[in-house]
Structures are given as structure tokens and as C-alpha cells.
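So the sequences go chain by chain: G, P, Y and W.
Each residue of the first sequence is one higher than the one before, counting from 1 in full-length UniProt numbering.
Each residue of the second sequence is one higher than the one before, counting from 1 in full-length UniProt numbering.
Each residue of the third sequence is one higher than the one before, counting from 1 in full-length UniProt numbering.
Each residue of the fourth sequence is one higher than the one before, counting from 1 in full-length UniProt numbering.
Calculated from the structure, these hints are not laboratory results.
Check before you lean on any hint, since a few could be wrong.
Claimed, not checked - Computed far set for chain Y versus chain W, every beta-carbon distance over 12 Å: (1) R11; (2) S69; (3) R133; (4) D220; (5) E221; (6) A258; (7) A339.
As the list claims (entries may be wrong) - Derived DSS-like pairs (lysine-lysine); straight-line CA-CA distance at most 27 Å: (8) K259/Y / K255/P; (9) K334/P / K255/G; (10) K334/P / K15/G.
If you're wondering where the values come from, they're calculated on a predicted model, not measured in any experiment.
Positions of the beta carbon are idealized from the N, C-alpha and C atoms, including for glycine.
4 protein chains.
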Amino acid sequence: MDLKELRQRAREKLKGCCRVCPECNGRACAGEMPGMGGIGTGAAFRHNVEALAAVHVNLRTLHGIRIDSVDTRLNLFGRELSCPILAAPMTGMAFNAGGALTEEEWAGAVVKGALAAGTLAMTGDGPDPVMYRSGLAEIGHRGGLGIPIIKPRANEEVYRYIDLAQEAGAAAVGMDIDAAGIIPMARAGQPVSPKTPGELREIIAHSALPFIVKGIMTVDEAEIAAEAGAAAIVVSNHGGRVLDHTPGSAEVLTKISAKVRDHMIVLADGGVRSGLDVLKMLALGADAVLIGRPLLIGAAGAGEEGVTLVLKTLGKELKEAMLMTGCAGLSGIKADVAAGVPAAVQLG
Amino acid sequence: MDLKELRQRAREKLKGCCRVCPECNGRACAGEMPGMGGIGTGAAFRHNVEALAAVHVNLRTLHGIRIDSVDTRLNLFGRELSCPILAAPMTGMAFNAGGALTEEEWAGAVVKGALAAGTLAMTGDGPDPVMYRSGLAEIGHRGGLGIPIIKPRANEEVYRYIDLAQEAGAAAVGMDIDAAGIIPMARAGQPVSPKTPGELREIIAHSALPFIVKGIMTVDEAEIAAEAGAAAIVVSNHGGRVLDHTPGSAEVLTKISAKVRDHMIVLADGGVRSGLDVLKMLALGADAVLIGRPLLIGAAGAGEEGVTLVLKTLGKELKEAMLMTGCAGLSGIKADVAAGVPAAVQLG
Amino acid sequence: MDLKELRQRAREKLKGCCRVCPECNGRACAGEMPGMGGIGTGAAFRHNVEALAAVHVNLRTLHGIRIDSVDTRLNLFGRELSCPILAAPMTGMAFNAGGALTEEEWAGAVVKGALAAGTLAMTGDGPDPVMYRSGLAEIGHRGGLGIPIIKPRANEEVYRYIDLAQEAGAAAVGMDIDAAGIIPMARAGQPVSPKTPGELREIIAHSALPFIVKGIMTVDEAEIAAEAGAAAIVVSNHGGRVLDHTPGSAEVLTKISAKVRDHMIVLADGGVRSGLDVLKMLALGADAVLIGRPLLIGAAGAGEEGVTLVLKTLGKELKEAMLMTGCAGLSGIKADVAAGVPAAVQLG
Amino acid sequence: MDLKELRQRAREKLKGCCRVCPECNGRACAGEMPGMGGIGTGAAFRHNVEALAAVHVNLRTLHGIRIDSVDTRLNLFGRELSCPILAAPMTGMAFNAGGALTEEEWAGAVVKGALAAGTLAMTGDGPDPVMYRSGLAEIGHRGGLGIPIIKPRANEEVYRYIDLAQEAGAAAVGMDIDAAGIIPMARAGQPVSPKTPGELREIIAHSALPFIVKGIMTVDEAEIAAEAGAAAIVVSNHGGRVLDHTPGSAEVLTKISAKVRDHMIVLADGGVRSGLDVLKMLALGADAVLIGRPLLIGAAGAGEEGVTLVLKTLGKELKEAMLMTGCAGLSGIKADVAAGVPAAVQLG
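Model the full assembly from the supplied sequences, consistent with the hints where possible.
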């Protein structure tokens with residue numbers, strides 16, 4: 001199956017939830033939650049896409065790099081990944097994806113699909129216990145090759161979820177702290193909330209695994225995460241689904257990365273749709289990116305193979321973009337790859 | 001009744017005056033006066049909406065705030081309000097709202113609806129004496145819980161209107177000085193005009209109630225109002241209905257607030273459509289905001305209950321937005337809540 | 001007849017040449033020459049409108065100005081005008097206006113219509129001798145109350161045209177120097193060309209009447225005109241009809257005016273559609289403005305009365321805009337009337 | 001045949017490949033490769049057009065230049081050209097132009113059509129040997145009046161291609177180094193790749209003809225080309241067809257030209273659609289421009305005559321634009337011709 005056919009199938013399966021638009025930019029689906037859209041006016045989702053589009057890229061072809069020698073490999077949490085592209089944690093297939101997949105089918109597709117592409121999936125958490133469990137089960141079956149992300153539940157519950165991740169041998173574990181206001185969690189009797197720096201420190205201290213704090217959009221909270229002992233942050237506005245009118249993640253990435261990247265890993269997500277977008281995120285200061293909606297489309301269209309196809313395509317595009325910008329390896333992707341960066345996207 | 005149904009009903013009742021657009025931004029109704037549009041090309045109305053949209057918001061979830069402890073209460077003119085969201089003064093239902101409500105129905109809906117939401121309504125003035133009288137009567141019936149706003153009539157007449165407000169026990173009184181050029185007033189033999197600083201001082205001196213000057217868009221006029229003894233100003237371009245091509249109020253709010261907020265209360269209106277917009281106005285320097293068109297839609301759709309529903313929804317959204325931006329109370333909403341503010345919106 | 005009816009009639013008479021769009025901005029008619037559009041892509045026409053729209057206006061109502069005391073009078077070339085709004089020179093009714101009027105009808109309508117509105121018309125020149133002659137004849141019949149504008153013909157011919165203007169007792173005379181590349185002139189055996197500073201000096205020396213140089217878009221050419229003895233310049237890109245992609249006149253007006261206004265009169269045209277646009281042009285540094293297309297629409301719709309109606313409406317709007325921005329007279333319209341002026345429009 | 005008819009015919013012949021849009025800006029054809037579109041989202045193609053549109057032009061008519069004395073001639077590689085407008089190298093008619101022309105027909109039309117317009121064509125290279133051969137054969141038949149551009153093949157092969165160009169007596173020879181990632185070349189067993197500065201130096205050393213490096217978008221690579229001995233560079237993003245999201249060439253031209261133009265010829269292409277666009281490119285620092293898509297449309301519509309007509313029209317428009325901006329000859333087109341250049345387009 002090729003991408004065109006995959007997308008056509010996904011369009012049918014996701015009918016009512018996702019139009020699989022030619023350009024996935026949050027316009028058609030603004031406010032569709034449940035569904036695939038951004039919250040409210042959809043501005044936060046749109047800002048992700050617009051901030052990336054505003055970054056222009058310097059074409060360079062006078063160098064010694066050859067397509068076969070472009071190296072996109074990355075060592076992350078002790079594992080070698082084929083490329084700096086991970087699957088973002090997503091759950092709620094019943095209401096967000098209209099039941100196109102069960103929670104278990106999704107978890108299977110994304111964990112196995114990512115492994116087949118040489119990289120890793122994050123799996124999610126949600127109001128129904130099946131959500132965390134499905135992802136973790138898949139990770140356990142694959143020898144721990146995956147990263148469960150826990151909602152900001154009460155600390156005692158978080159400890160229990162971390163313990164389960166450790167038992168499953170997960171590569172790392174984390175928390176999408178920006179889910180602190182999600183209402184269906186409270187409705188289901190599993191309240192979430194922001195975490196104080198102290199609470200975060202205790203959570204991280206509890207974890208024997210590298211800990212990722214997902215949902216950082218300011219320098220000050222990046223520093224809190226670093227001081228609390230996080231191994232990594234994800235610069236992310238949760239796909240524009242938790243607070244309307246936030247900046248696009250690419251808008252704030254550079255200034256955050258400039259402050260904390262010496263001490264921790266900096267991941268980013270939000271609006272990444274091509275290998276060139278991956279390159280831009282890395283040029284702005286990320287070590288790797290997460291992909292959300294395109295992988296759900298991949299899974300809806302072709303299951304595990306769909307996830308792999310989307311990830312491999314992104315990896316291939318990244319390789320080509322690196323060749324055309326003169327980057328032999330990921331460490332060579334520096335700020336000077338970006339050109340004509342608008343004022344709002346300040347290079348560090 | 002939920003908001004969707006309310007809006008559907010309002011759409012029917014306001015047919016010919018207001019389309020109840022998905023995004024209320026002054027485009028479809030440009031120049032529709034009488035009606036709900038902005039004057040002329042509608043640019044001043046649009047600027048209100050665009051200036052707010054241009055303010056991005058910093059997502060923060062590493063803190064100790066919990067949704068139940070977020071405090072949106074405000075003490076204004078000696079009254080405690082549930083949230084910093086008041087009803088803006090509006091009149092002219094016969095020509096602006098196509099008679100969907102009578103002047104008395106509107107006054108009743110907005111004054112009672114605001115009280116039921118724990119906040120206050122301003123009521124208006126206009127060419128027909130029923131306009132000022134309807135609002136004031138409602139305020140009187142509610143023990144003075146409302147704020148009548150007087151048009152910039154001849155001073156002697158203003159004194160009489162202030163006296164009536166005092167007799168009704170109103171919480172405060174004010175003048176929408178930016179209505180100085182409204183032609184139907186002159187046609188009805190009740191001319192309005194700008195006020196000199198001296199005239200304004202005399203008016204304010206006449207009032208035993210806290211006095212609000214509504215329609216300030218420059219630093220110099222804010223200072224005139226402060227020196228004349230005003231208790232508050234409203235940074236406002238009158239919903240874009242008195243002069244085309246003015247800036248959006250969010251564009252000028254910060255520099256005005258920076259100059260006068262030490263000495264007086266700073267309110268603002270113009271394009272506020274969500275609790276997040278309220279948060280933005282407060283981050284830019286307002287103590288509270290006024291809501292106009294959305295409340296008229298609320299009243300047209302469901303009377304007093306409609307007004308309450310719209311206000312409570314905004315209050316709830318504000319609470320959620322405060323949680324997600326790390327603001328425990330209104331005094332915690334500072335300039336650093338705003339991110340990526342464009343050059344035109346200078347933070348003080 | 002009101003403006004709505006006038007515009008409806010004009011729409012019928014100008015069919016094929018002008019759509020009489022709700023917003024006259026050069027989009028629908030891009031490249032329509034002959035016709036009413038801008039040259040090429042229509043960008044120069046659009047820039048006129050966009051540059052004015054980008055200027056925001058400060059609302060001010062705390063002052064002592066009353067609508068009846070707003071004074072829009074201007075003394076220009078020894079004549080008192082009711083308002084700073086003149087008719088721009090236009091010709092070529094047969095090809096540009098589809099023959100909706102004859103050249104003589106147009107000249108009559110604009111010269112008489114402007115006088116009836118208390119102001120003056122400029123009349124034009126073109127490949128057919130009837131064009132200059134029609135305007136001049138009307139001016140002669142009105143005791144010289146009009147200003148003929150001559151194309152940049154050979155100097156000897158210009159002298160002859162100036163002599164005719166003097167004989168007609170014209171208030172002033174001028175040249176639209178930016179018509180230097182107009183091809184139909186050459187085709188008709190009456191070539192035009194740019195003028196050297198020396199040639200311009202000789203032309204102006206020849207004229208006993210105040211001389212206006214129309215079509216200045218840079219500081220250096222404004223200074224050449226001043227040194228050559230011009231009484232006035234018109235900052236203008238010829239309605240976007242002589243060179244595509246020029247700036248809008250409002251974009252360059254301030255820096256030009258700042259350099260030469262001490263020594264000469266500065267007029268401006270390009271995209272002025274409302275009294276508020278007139279106010280903006282004056283705030284940016286013009287002494288008065290010229291109106292083009294809206295007057296042709298006026299004349300097509302209702303002849304002389306149409307011209308008067310359009311001019312009086314603009315004058316009335318200007319008065320209202322002055323009231324609402326705190327300007328008692330034209331000399332009170334200063335740079336601080338403009339707010340939020342974008343970088344491209346630098347205040348002097 | 002006039003341009004209108006030419007375009008109508010081209011629209012029919014290119015059906016499925018090119019819509020011959022009123023404004024050729026890469027929107028309708030985004031991602032259409034094979035075809036005429038830009039790669040990926042088409043952003044790089046669009047940036048070319050947008051960067052040129054963002055450059056405004058200063059109208060000047062107070063000078064001694066006459067239309068008949070405007071001199072657009074240029075001496076390039078020892079040949080005098082009628083104007084600074086060359087044909088860009090294009091190949092792949094079978095897949096990019098839907099077979100509307102054969103490779104030989106295209107080569108004949110563009111080489112002969114350019115000569116008839118008094119200028120020169122570049123011819124291209126591609127996966128099928130007929131591509132390079134067709135262009136070179138035409139150049140040979142015309143006494144070498146043309147410039148073959150070689151893909152960045154293996155150096156040994158490049159030497160052979162250069163030798164062929166020398167044998168044909170070509171005016172110059174060059175390499176579109178930005179084609180370093182083109183996949184159909186590799187598939188056809190003729191791999192391309194970036195070139196190291198050393199490899200480029202060897203290639204240029206091999207050439208007895210002036211050597212052009214096409215596809216420079218950064219200052220650093222322009223300096224590499226200069227140091228390697230190139231006679232000229234073409235600032236170009238390959239019509240937006242090799243890497244998405246690059247800047248428009250007009251965006252980077254000035255800073256590149258400022259660094260290297262003392263030592264070499266600077267050509268540019270990308271989005272040039274009118275003589276005024278040519279003028280802009282020269283004002284931003286180019287010695288001459290290349291035209292791509294409009295010439296393919298010309299050839300599809302009317303063969304050799306179509307190419308000539310498009311080039312002559314551009315030359316005529318350039319002449320008119322020079323008259324209206326006060327430029328007697330090409331050396332007079334300086335940075336001060338550009339006005340209101342946005343920040344992204346920094347003048348050197």
C-alpha cells in the first residue's frame with residue numbers, strides 16, 4: 001500500500017473525526033473535541049503549523065555529503081533509533097477517532113509500527129484504565145521498547161503507574177503535565193492537576209527510569225523540569241488540545257532549548273508533517289520530534305504497516321532534507337540551517 | 001438550554017440584524033448600523049478581534065494551583081463579583097436588534113442575568129428616554145446592582161441623569177464619552193458632544209457615586225480622566241461603532257494601563273469572546289472586561305437565563321484558562337501570561 | 001438621489017469598465033487598462049488602499065470641539081475651499097469609462113460639481129486635444145475656478161498649454177509628470193517624457209500661475225520640484241496606473257512631506273475613499289487630497305450633482321472624523337492622530 | 001499571435017501539467033512533480049513569487065531619460081545581449097510538460113527563440129541522454145550561442161560533458177549544483193550528488209569556458225563558488241523544485257550579491273514574471289535573470305516564436321520600467337530603485 005491509498009482508506013475509516021486534509025493544519029477541524037481538532041478556535045493547533053511554515057530553510061549543495069552517508073541515527077535513553085522521530089502518546093480512540101480502532105489495536109499498531117521503523121512509540125493514558133494498560137502491555141510484549149506517558153494524576157497513583165512501566169521494562173517513562181486540566185479524567189473519578197516543582201521532584205525521584213516531562217512551553221517551566229531531575233522535556237502544546245491561543249511549539253523551542261539542552265534532552269512536537277519539518281525542529285533546538293495525528297491516520301489506514309510507512313517516509317524525507325542542507329548527521333543540524341526566521345522565532 | 005440551542009434561537013430572532021456567526025468578528029456585518037456591525041468598513045470592530053487574536057498565551061502547568069482553588073472574584077466599587085466580566089451598556093433594540101426584544105426586556109434580561117451570574121450589568125442611554133429609564137428601573141428593582149452609563153449630553157442633563165442613578169442606589173455611574181458624535185441623539189433633540197477636561201471634572205464632582213469614563217483609547221485621555229477624578233476608565237472603541245479604523249482596544253490597553261492603573265480601575269472591552277480573551281485583557285492590564293454582542297445574543301436566545309449562561313460560560317472558561325496559565329487569582333494574571341505579543345501590542 | 005441609488009446607476013452605466021465594488025481596492029479590475037484598474041497586476045493600486053488601511057486612528061473625545069465648530073476650510077492658491085478635497089484630473093472617458101460620459105460631460109460635471117461642493121477640480125490632458133480643451137473650457141466658464149493639469153509633453157507645447165490656462169484665468173496649473181511613459185500619447189503623435197530638473201525649472205518659470213508637480217513618490221524628486229520653484233506637489237502614483245508595484249502613496253507621504261512642506265504645498269491622492277482616509281492623509285503630512293475614481297462614479301451615476309454629493313459626503317465624514325479625533329481645524333490634524341502606524345509608514 | 005492567444009494554446013497543450021494561471025505563483029500546482037509545480041507543499045515556489053512581490057519600486061520621472069535611449073544591453077561572457085534576460089535550463093518534457101513538446105522541439109524553440117530575441121538560452125541535462133544532447137546540438141547549430149548546464153554527475157562524466165560543450169563552441173557552461181538530490185538521475189544509473197569545494201575547483205579547472213554555478217542560496221556557498229573559480233553564480237532555488245521551504249531567491253539575493261559581485265557575475269531566477277520583476281532582481285543585486293516556466297508556456301503555445309515573444313515582451317516591459325524608475329542603463333539600476341523592502345529582504 002502506498003501513502004495515497006493509505007490516506008484514502010483512513011479518510012473512510014475516520015469519517016466524522018478527521019477529514020485527512022491535503023494540508024493537516026487544524027482549520028477544518030477547529031474545535032472538534034472529541035475528534036482530532038484543536039481546542040476552542042483551533043488557534044493553538046494552527047500556530048503549531050504556522051510557526052513551522054514561517055521557518056525557511058537554507059539550501060546548500062557544495063559539500064561532501066552523499067545521500068547514502070547521511071546518518072539520521074540517534075541514541076536515546078540507551079537505545080539506538082533509526083531516526084529522531086518518535087510516536088506521540090495518543091489515546092481515546094473511541095471518542096477521538098470514532099472507534100475506527102480499538103484502544104488495543106491502536107497501541108499494537110503504534111508500538112510495533114514504530115519498532116519496525118527502527119524507532120520508539122510513546123503510549124498514553126486516559127480516563128479508561130484500558131488506555132494506559134493497552135500501551136503498556138504492548139511495550140511489555142516488545143521487551144520494553146516503548147515509553148509510557150502518564151497523566152498528571154495524584155502522586156500515589158503516578159508512582160503505581162511508574163512501577164508498572166518499570167516492570168514492563170520500558171525504555172523511559174514520562175508525564176504529559178499539560179493534561180492538567182483535562183475534564184474527562186475528573187469525570188471518570190481520576191482527577192488530574194498541575195504539579196508543583198516539589199511534587200514533580202518526588203515523582204522523578206520515584207522513577208528508576210529516565211523521566212520525560214511533556215508539555216513545556218516556557219523557559220521557566222523547562223528549568224523547573226531540569227531542576228526536578230527530568231531526563232528530557234517535550235516542548236509541546238499537546239497538539240493545541242489543552243489551551244487555545246498558545247504559541248506554536250516551534251515559536252518557543254529555541255529559547256527553551258538554549259537554556260536547558262546542556263542538561264537534558266529536548267524533544268518537541270506540534271505540526272510536524274514532513275521530514276523537512278523534523279529538520280526545522282532540530283535546527284531550532286530539538287534532539288528529536290514526536291508525531292501525532294499523521295500516525296493515527298497511518299494506523300487507521302493500514303494498521304501497524306501504516307505507522308511504519310508514515311515513519312519511514314518521514315525518515316527518508318529527513319535524509320533528503322539533510323543532504324540538501326548540508327547536514328551529515330543530526331549533530332550537524334544547527335541554527336544556520338534555518339533562514340529567514342521571523343522575529344517571533346528567536347534563535348537562541 | 002445549552003449554548004448551541006441558544007445560538008440557534010438567537011439566529012432566528014435576530015435575522016436581518018445578526019447572523020450569530022461561528023466567529024463573531026465584524027466581517028459579515030461590516031457597516032451594518034443600525035444593526036450589530038462596526039461603522040464604515042468595519043475595520044475598528046475587526047481590529048478589536050484581531051488585536052486579541054494576536055496575543056498568544058503561555059501554557060504553564062508546573063505549579064500548585066488546582067481548578068477548585070482558582071479564584072476569579074473581584075471587588076469592584078465595594079461589591080464582590082464572581083468574575084471580572086461585566087455586561088456592556090447597549091440600547092436601541094428596536095433598530096439594532098430588529099425588535100427581537102423590547103428595551104425593557106433587554107434591560108431586564110441583562111441586569112437580572114448578570115446578577116444571577118454573580119456579576120453586574122452596565123445599562124445604557126439613547127435617543128429615546130425609555131432607554132436610560134429601562135435600565136435604571138431594573139437596577140432600582142435590584143437594589144442598585146447595576147451601573148447606568150449616560151451619553152455625553154449637556155452637563156445639566158447629565159447631572160439630572162446622575163441624580164436618578166443615585167436615587168436608584170446604583171453601584172456606580174458613568175459616561176460613554178466616545179458616543180460624542182452619535183447623530184441619532186442630535187436628531188432626537190438630545191445633542192451629545194465631547195467634553196472638555198473641565199466639563200468632565202464638573203460632572204464627576206457632581207456624582208456621589210464612583211464615576212466611570214468609557215471610551216478611552218489614548219494615554220493622554222486616560223490621564224485627563226484620572227485627573228478629573230474618575231474612579232475607572234473603560235478602554236474601548238465602542239465596539240467599533242463610533243469611528244472606523246481605530247486600533248483594537250487590546251492594541252492600546254497596555255500602554256494606557258501602565259500609566260493610570262496605579263490611580264484608578266482600568267476596564268476594557270472589544271472583541272472578548274471567550275474566557276481566554278478575558279485572561280488576555282487582564283494580562284494586558286485590565287482589571288475587568290465588559291461583554292457586549294455575546295450577551296445580546298444570549299438575551300435574544302434565552303432571555304435572562306441566556307445572559308447568565310453566556311456569562312457563566314465565560315467565567316468557567318476563565319477559570320480553566322487561569323489553571324492552565326498558572327494564575328491562582330486575578331492579581332496573578334500578569335504580563336508574562338502573554339507570549340509572542342506582536343510589536344503593535346506593547347507590554348508596558 | 002442618495003449614494004446608494006447613485007452607485008447603482010453608475011454600476012449600470014459603467015458596465016464593462018467599473019463594477020462599483022463595495023470596497024474599491026483594485027482587485028476585481030487588476031490590469032484593466034483601458035478601464036479603471038491599476039496597471040499590470042494591480043499591485044500599485046492595491047498598495048494605495050492597503051497603505052491607508054494600515055494607518056489606525058486615535059479616537060479622542062475629551063476636548064472642547066463641537067461638530068458645528070469643526071472647520072475644514074482651506075486656503076489654496078488664494079481661494080478658500082470648503083474642505084481639503086479636490087477632484088483629481090481624469091480623461092479618456094471613451095476608453096476608460098466605456099463612453100458612459102463624453103469628455104465634455106465629464107469636464108462639466110467635475111468642474112461644476114466641485115464648485116458646488118465649495119472646492120476645485122483639476123482637469124486633465126490626453127492624446128485627443130478635446131481632453132485638455134474640455135476641462136479648460138469649463139474652467140474658463142467658471143471664472144477660472146479649476147486647475148488644468150498638463151501631460152509632460154515637449155516643453156514648447158507645455159508653454160502653449162500653460163498660456164491657455166492663464167488665459168482661462170485658472171487658479172493654478174500643473175503637470176502630471178508621472179504620465180511620462182504613457183504610450184497612447186506617443187501613438188497619437190504627442191509624445192511625453194520625463195523632464196530634467198532644468199526642463200522643469202523652465203516650465204515653471206514660464207508659468208505666471210502657481211505650478212503643481214503631480215506624481216512625486218520619492219524625497220529626492222520632491223526636492224527637485226521644490227528647487228525648480230513648484231508651488232505644490234501631489235504625492236501620487238497616478239492611481240496605480242503608470243508603474244506596477246510602486247508603494248502606496250500613504251506609505252511614502254510622511255517622509256516626503258517632512259522634507260519639503262516648509263517650502264511648498266503637499267497634496268496627495270491614491271485610495272482615498274472616505275473622510276477618514278482624508279484625515280489620515282492629512283495626519284501623514286498632506287495639506288489636501290485629490291479624489292479620482294469615486295468622482296467618476298459620482299458623475300456616471302448623477303452627473304454634476306453626483307460629483308457634488310460624493311464630495312460633500314467626504315467633507316461631512318471628514319468633519320465627523322475630526323470631531324472624533326479632537327481636531328478643530330486642518331492645522332490641528334497632526335501625526336498623533338495616527339495610531340499603530342506600521343513600520344513601512346514612517347512618521348517624519 | 002499575441003500573448004493572449006499564445007497562452008490559450010499553451011493551456012490546451014499543457015493540460016494536466018500546467019493551468020497557465022493568470023498569476024503563475026505555484027498555488028494551483030503545489031507538489032505537482034512530475035509537472036510544473038514546486039516540491040512538497042510548493043512553499044519554495046511560492047516564496048520566490050512572494051519575495052519579489054514584497055519589493056516595492058520607486059517611481060521617478062524627473063530626469064533626462066527617454067524611452068528610446070533606455071539601454072538594456074548587457075555584455076555577458078563576451079557576447080552582447082539585447083537584455084539581461086536569459087532562458088533557464090529545463091528538460092524532461094515527456095514527464096514535466098506531458099509530452100506537449102519533444103525534448104528536441106523544446107531545445108530548438110528555446111535556443112532559437114532566445115537568439116531571435118537577442119539573448120541566450122541555457123539548456124539542461126537529465127536522466128535521459130537525449131536531454132543534454134538535444135540542447136547541445138541546438139547550441140552547436142547556432143555557432144555556440146547557448147549555455148549548457150550539466151547536472152552534478154560524477155566528476156569524470158562532468159569533464160566529458162564539458163568537453164562536449166567546448167566542442168560545440170558554447171558561450172559558457174555550468175552546473176545546476178542544486179540538482180544534487182534529484183532521484184530520477186540515480187534511478188537511471190546516472191547518480192548526482194553535492195560537490196565538495198575541491199571537486200568543484202577541479203571541475204572548473206577542467207573547463208576552458210566560463211563556468212556558472214547554478215543553485216546558490218547562501219553567502220557561504222557563493223564564496224565557495226567564487227574561490228573555486230566560477231565566472232558566475234545563479235542565485236536560485238531551482239524554481240522551488242529541489243527543496244521545499246527554502247527562501248525565495250529575491251529574499252537572499254542582496255546579501256549574496258553584496259559579498260561576491262565584485263569578483264563574479266551574479267545571475268538570479270525564481271518567480272520572474274514581468275519586466276518589472278527583472279528590474280527588481282537587478283535592483284537587489286543581479287546582473288541578469290533567467291526565465292523558466294513562462295518560456296515553456298511560450299514554447300508550448302507558439303514554439304520558437306512563442307519564446308521570442310515572451311522574451312521580447314519582458315525586455316520591453318523592462319525598458320518601460322527603467323524609464324519610470326529613472327534608470328538609463330543596467331548599471332543605473334541600484335538598490336534605491338527598491339522601496340519599502342520588507343525586513344526579510346535586506347539590502348546589502
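Against the structure, the hints:
1. Every CB of chain W lies more than 12 Å from the CB of R11/Y, the least distance being 24 Å, so the non-interface label holds.
2. Distance check for S69/Y against chain W: the nearest CB is about 39 Å away, which clears 12 Å, and the non-interface claim stands.
3. Listed as outside the interface, R133/Y is consistent with that label: its C-beta sits roughly 25 Å from the nearest C-beta of chain W, beyond the 12 Å cut-off.
4. Non-interface status of D220/Y relative to chain W is broken: a Cβ of that chain comes within 12 Å, the nearest being about 8 Å off.
5. Not every C-beta of chain W lies more than 12 Å from that of E221/Y, the closest at about 5 Å, which undercuts listing it as non-interface.
6. With a cut of 12 Å on Cβ distances, A258/Y stays outside the contact zone with chain W, its closest approach being about 16 Å.
7. Every Cβ of chain W is farther than 12 Å from the Cβ of A339/Y; the closest lies at roughly 20 Å, confirming the non-interface assignment.
8. Of the supplied pair hints, the one linking K259/Y and K255/P is violated, its CA atoms being roughly 30 Å apart against a limit of 27 Å.
9. Taken as a hint, the K334/P and K255/G pair is honoured in the structure, with Cα atoms around 20 Å apart against an allowance of 27 Å.
10. Restraint check for K334/P and K15/G: not satisfied, since their Cα atoms lie roughly 42 Å apart, outside the 27 Å limit.
Checked against the numbered hints given earlier, this structure breaks hints 4, 5, 8, 10; the rest are met.
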